[in-house]
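> Each chain, letter by letter, is given below.
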Amino acid sequence: MFTESIPFLQVVVPILPEIGLLILLLTVLLVDLFTRLVRKRTLGVVTGVGMIVIMLANLFVGFSLVNDASYAGTALGGMIRYDMLALMFRTMVLIAGALTAFISIDTPVVGKQGEYFGILTVATMGLSLMSAAADLMMVFLAVETASISLYILAGFLRDSKLSTEAGLKYYLFGAATAGLFLYGLSLLFGFTGETNIYNLAAPLGEMFAGDDTGAFAVAVALLLLLVGFGFKVAAVPFHFWTPDVYQGAPTSTTAFISTASKAASFALLVRVFDAVWPVEVAVYWTGLLAAMAVITMTLGNLLAIVQKNIKRMLAYSSIAQAGYTLIGVVALTETDLGTAAVAFYMFMYVLTNIAAFTVISVISNTTGTDEIADFAGLSRRSFPLTLAMILALLSLSGVPPLAGFFGKFFLFAAAVDAGYTWLAIIGVLNAIVALYYYLTVVKVMFVDPNEDTRPLVITPAFAAVLWISGVGILLMGVIAAPWWNWALNAAQSITAMAP
Amino acid sequence: MDTLELLVWLIPLPPLLAFLIILLVTRGNKLLSDIVAVAAILGTWGLSLTVFFNAISTEHLGEHPLRAAFTWLPLGESVETSFQIGAMVDPLTAVMLFFVPLTASMIFIYSTGYMATGHYWTEIKGGHGHDDHAGEEGDDHGHEMVVDSAGRNLVRFDATAWKARFMALIALFASGMLLLSVADNLLLLFIGWEIMGFCSYALIGFWHNRVYPNQPKRITPMFAGIKAFMTTRVADVIMLLGIAWLYSYTGTLSFREIMYNEAMLHALESSAFPNIVALSTLTVGGVIGLLLFAGAVGKSAQFPLHTWLPDAMEGPTPVSAMIHAATMVSAGVYMIIRMYPIISTGFHGHGFTPTMQIVAGIGAFTALFSATIAVAQRDIKKVLAYSTISQLGYMVAAVGIGAYVAAAFHLMTHAIFKALLFMGSGSVIHAVEHGEEHAHHHGHHFPIDFDAQDMFNMGGLWKRIPVTAWTFLIGGLALSGFPLVTAGFWSKDEILADAFAHAPAVFVVLAIAAFLTAFYTMRQIGLTFAGEPRTHAAEEATQTDWRMNLPLIILAFFAITAGFVGVHQDFPVLGRLLGENPFHHFVGGALLEHPETLAFSFTPLILSIVIALSGLLVGWLIYVRKPLAAGQEDPLKKLLGPIHTLLENKYYMDELYDWAVIRPSMWFAEKFVYLFIDRGIIDGILHFIARSVEWMAFRNKDFDTHVINGGADQVVEGIGGLSDSFKYVQSGRVQQYLAVAVAGLLMLVGVFVWTLFLR
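Order-wise, the sequence lines are chains A and B. Residue 488 in my numbering sits at position 488 of the first sequence; the count goes up by one each step and never skips. Residue 2 in my numbering sits at position 2 of the second sequence; the count goes up by one each step and never skips.
Think of the hints as simulated: they come from the structure by calculation, not from any bench. Here the structure is a predicted model, which means the values were calculated and not measured. Glycine is no exception: its CB is placed at the ideal position from the N, C-alpha and C atoms. Do not rely on the hints blindly, as some may be mistaken.
Claimed, not checked - To give an idea of the chain B side of the interface with chain A (calculated C-beta under 7 angstroms), a few residues:
#1 ALA68
#2 THR71
#3 PRO354
#4 ILE358
#5 VAL734
#6 TYR737
#7 VAL740
#8 GLY744
#9 LEU746
#10 VAL749
#11 PHE752
What the hints assert, rightly or not - Ranges of calculated distance between the beta carbons of each label pair, as one might list FRET restraints:
#12 A:PRO401 - B:VAL742: 39 to 47 angstroms
#13 A:ASP448 - B:ALA660: 36 to 44 angstroms
#14 B:VAL661 - A:LEU56: 58 to 66 angstroms
#15 A:VAL447 - B:ALA660: 32 to 40 angstroms
#16 A:GLU451 - B:ASP654: 39 to 47 angstroms
#17 B:VAL661 - A:ALA291: 40 to 48 angstroms
#18 B:VAL742 - A:LEU56: 38 to 46 angstroms
#19 B:PHE668 - A:PRO460: 38 to 46 angstroms
#20 A:ALA291 - B:VAL237: 43 to 51 angstroms
#21 A:GLU115 - B:PHE688: 39 to 47 angstroms
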């Protein structure tokens, strides 16, 4: 394959974030070795700042080179695809990684462990690869690199039964679905003899059009992939792990799983489903995904209503959010707006959910629990914290002028544009249901009397995260156009330069 | 975008920042909050004046307004289809930029003084005291406690407790008003409109725990806030319908693209409204105009949605001055002046369209209707409230007869002198409240329901508070249209002249209203300032501090001079002296179709002078020449008899609404929706399902007990033997999860096979 020599830069640029993260990983381990326990805050700072530097460098290089013909398109022998979509989702993953690192600094136990930050870096690397993977081998490797790291991060609190349980459950569930996913990938390879996702569509199309057996085989492969993705984005009926893992895992891990992992999974889902399935199959998988979207958002929202634990509530909320996002995936065969809406929605979701989990971290650091009742009278205890939580909750429920409103607006607009008006209507109805449980928390914060008067400590790290995410939520909402244009470019890039 | 156009964007920003800073940082510190708010509004004033002077020195500003827009909401795959929002300064906005920051700045300064002292009665509930807001402490120590007629425990509450929050809210309000003023499209205007609506609600009900002992019928601030919010909401929804229709019809909400676009206006004019016989004369533009006008009816308190404004006087007086006189209520009139090309669709200088007839009719009726009510009010602020409604009616009527330039002129002068009057009345109330405190210390006892706003408790204040008295007199004369030396004369005269020329019926109505206006203004001045004090509180009233006096003096200056920009060019002597009616030429250029200049005529001028002077004279004869003694009844009562009772009770409009709207709604909500639909039907169905399931469950109980439980118990016992630490994981739940997941997969396969092969 490498018959002609490729310039050094063309090898390095497409995997710049991964190289950066590898260097960061080594740095973190070294720092861990040479710092005493009292100064362990350095670890989180190094990880977070490092990731931000990598993100900015990648953005800087990316915007100058991503439309350059000698860099754009598949790279590294077809393993990676360097395009705007990859750039955008890598940015999200790195932001999520950096903010998670900052949250971790003041999260009990994990904040002082070098391994935690090391594994976080590896997980980020896997997710970054997922955002760009273009080959079945790379897809699986990236997914597993990320997943295995996440299992460890979820079960990191060895002394906490809930945490170990979360890690083990996540692992068992993940292993089973990974098996099915891998089986699906191997079927694809078996049918076609190809591993690059951009070469699969033509032979699969022939096979599907051929005879009933062929069509059935393609269908089975499709469904097996769907199980894998369903697990990763937490779509019904592959969502069962979510509440247990979200509740049990350290809050910083939960923030990371619910944002970065979901975003990268959607990037991969969009890329694979757009490239792999021929037009003939599109009708079927869009129908299935539409049904999954409806069930996922409805079930997620209904179950969220009855939760008493804020992390469990946000787990069901994140299931529902995945349901909304699936609407965009459904629409992508008809219009670029679909992919763009998914990208925009995930970007805003990353910022919003991290803001929410940061507030939860601050409060549970004082109270030691994660009950919604802990939020009682928060407006009188810490107004800035209340404000941040309101921003996050209103953005999640889609209230203008926050980012979440425009996220939903674009998703529903894409659905209408693609002819799925009914799906948009169900989405809107669900958004109304969701408003109930989000606003319940607001009510608790303002109306319920507070018995607890212990001070809530917003450390500089927490403050930094809240400022970054809060300003982001406002900015993506009030001035949505630049972000949306970026997302549109990303959406157009996945089809524009297909080899 | 050059610097000047960017400045336009920045105008609403300082107060918004002040709001955030006070809310997040300085809310515990009253002095710092005052400084932040005042600095912000003065900064905005500076910006506005810069833009304003640049605007008035620009030639043909109407054709080439200052405008800075950007793509805001993408609506498709290309930038061209995006929704643009921007800020724009055309002549009309320039007028707003002159008087809005001016009055707002004055009111901010005034507020810092007004909110510095004062007490009111509040109820103590169940030992908890008041809500403790972080950083803001109420001071109710050292005051006596009383029990009122309803058996509630009341204490005197420090009215200044939430001063920082007050400054934050009026800053947000000012930001909303300025956003509305510089908006270049209806959506942004509507956003500003709603921000103001919310602030108005929050500020009317600012003293939300205030109660009036022994005045059970008087509305409390909390309910007044709710009433204002609900009433304007009705109007806003109708307005939103108009905006939506306009957008779906034209594809844009930009003022320039609609108003400065002949093709668009022609399209709005030429398409008839879907054929309902009664409405067949209406065009689409006319109907949209009516819907938008409904918004103004709510916001500018026109009949029949005017009832919220008098009750809004429950808010602190600076709020009444700013929101319910100078700015927010002007927003409704501003909007219909802005939307004049749509409201006047099909009107080309002759033949009023149905929409315009309705607008003019409601405006003129409101002007007269509320002027009559104002005649019989006892509360100093209520008089001003009805007078505001009446003056807004003038402007609305002016728009309805095509005299939108005159409406804009009166909008500007009215904002200035009405803000002056309200602040003056606040100063009076403040002085009387202080007098009450003083007299209290000197051993005079006051009844628990002593009302410091009742003009019959005043009198003789001329000597006690001279600055207030003089400035109030200037404001009052401006309101009455005292000839030549007051701003109100010029603007009111322009409306009357237009009405005289185009719509004689409207002229007659407005002229009667003008007479009443002059009369009740003189009555108010007489009752408040003339004669001897009627209570000890009035006797010991004292002039308040400079923060309240300075704004009065500045506004009094403008209440005299602001009218000289709009003097008709053919007016004897003055017309030549002051140039060619600069206001008319400036604002007239704002629209595509320039308004004709009315020929000068002496008849309406002389009529309006005679009317104003005679009104003032009658008022002077009754209330100033023979000032009322303590305990004396209003001479008007004898004069008017039962009509006075009718007027005093505001034509029983509130009672009518209570009977016709509120009670039926409550009945509907309580009896129909709650008891019938919710409890009866929905709960009934749920109970039915629950009972059925219960019944089935009961029937199946045996099966359950023996077969299912038996099997499950065995499994549980088997698992129970495993090690304790694995208990959580090995409870069988992960397997269950996976089983469901696999079942889901199989189900999907089934669905797929079905759709694929068995369709």
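> Quick check: which numbered hints come out false for this structure?
1, 3, 4, 9, 19, 20 and 21
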